[in-house]
Amino acid sequence: MSVNPELVGRDFPPTAPYLVGREKVREFARAVFATDPQHTDPAAAQRLGYTDVVAPPTFAMVIQDLTLQQLLSEPDSGIALERTVHAEQRFRYTRPIVAGDELTARLQVTGVRPFGKGAMVTSEAEITDADGSHVVTAVSVLLIGGEE
Amino acid sequence: MSSSTNMDDPTASGIEVGTIVAERTVHLTRESLVRYAGASGDVNPIHYRDDVAERVGLPGVLAHGMLTMGLAVETIVEWLGDSGRILEYGVRFTRPVVVDAEDGAELTVVAKVGAVDDSSLRVDLTVSHGETVVLGKAQVRVRAGA
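Note that the protein sequences, when read in sequence, are chains A and B.
Each residue of the first sequence is one higher than the one before, starting from 1 at the first, in our numbering.
Each residue of the second sequence is one higher than the one before, starting from 149 at the first, in our numbering.
It should be emphasised that the hints constitute simulated quantities derived from the structure, not laboratory data.
Be careful, since some hints might not be right.
[To be verified] These stretches of chain B come out as covered by chain A in the derived footprint (C-beta under 8 Å, 3 or more residues):
no., segment
1, 193–207
2, 213–221
3, 230–236
4, 259–272
Computed from a predicted model, the values in this text were never measured in an experiment.
Every residue gets a Cβ at the ideal spot worked out from N, C-alpha and C, and that includes glycine.
Make a model of the complete structure from these sequences and hints.
Here it is as structure tokens:
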């Protein structure tokens, strides 16, 4: 089965709210060698005007991943994880993610283009906070290889 | 864009294209990959199992692309002062980073001002593993200071 072009424009439900924990931010910061204290020390984050520790910029991927799971579990997507390569990634921020945020993501598939025997799939996850305000949009380009 | 003596100050609108604002070297080991797998939830075994990497035809166990992307941008955060000044960050994953079980992998990140306008700067990140540049078009757009 090849990638289904009708994924573009399909309506996906918002993901369940994700509560960003302070220790999760610290764990992620350590994993990406983020040494600046704004990521680990609440007082340092507060000096910059934030309520709690600031997540590293690519932490948004953890939330976006919930939408990619939705995409992969669509029975007619034609996207097989073992043939999937992450080709590009982009984030557009309104503000950084901060511990205490309760975040929801909404998936949109914005493009399915033929690429060799497979397809390039562009998906966007719009991540909003508990007030419904925009935090960050995460855009992934996945290269789905064709079947042998 | 005008020249300025205030080249170390990211709030200065006169910062010059070509200025290196930050650089660092990060030594990745298999432990780094396991740590990132746990922190991110990406538990794909190609990032920690040699047998699986070999079976799917890879040259070895690879660093997560998102780990490389994540550590690259962190290089500029101290210089920025506030990571909330980052407006946009994008990369292409062009070359895999093989992390040897014994020797690990050394990544070098160089962050250089690529473009300047009235309200923002574009910082270009060059991430190298030995002689190989592993990310394409790794660009961070940051808000200029007041």
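Hint-by-hint comparison with the structure:
| no. | hint | verdict |
| --- | --- | --- |
| 1 | 193–207 | violated (count 1) |
| 2 | 213–221 | holds (count 7) |
| 3 | 230–236 | holds (count 6) |
| 4 | 259–272 | violated (count 0) |
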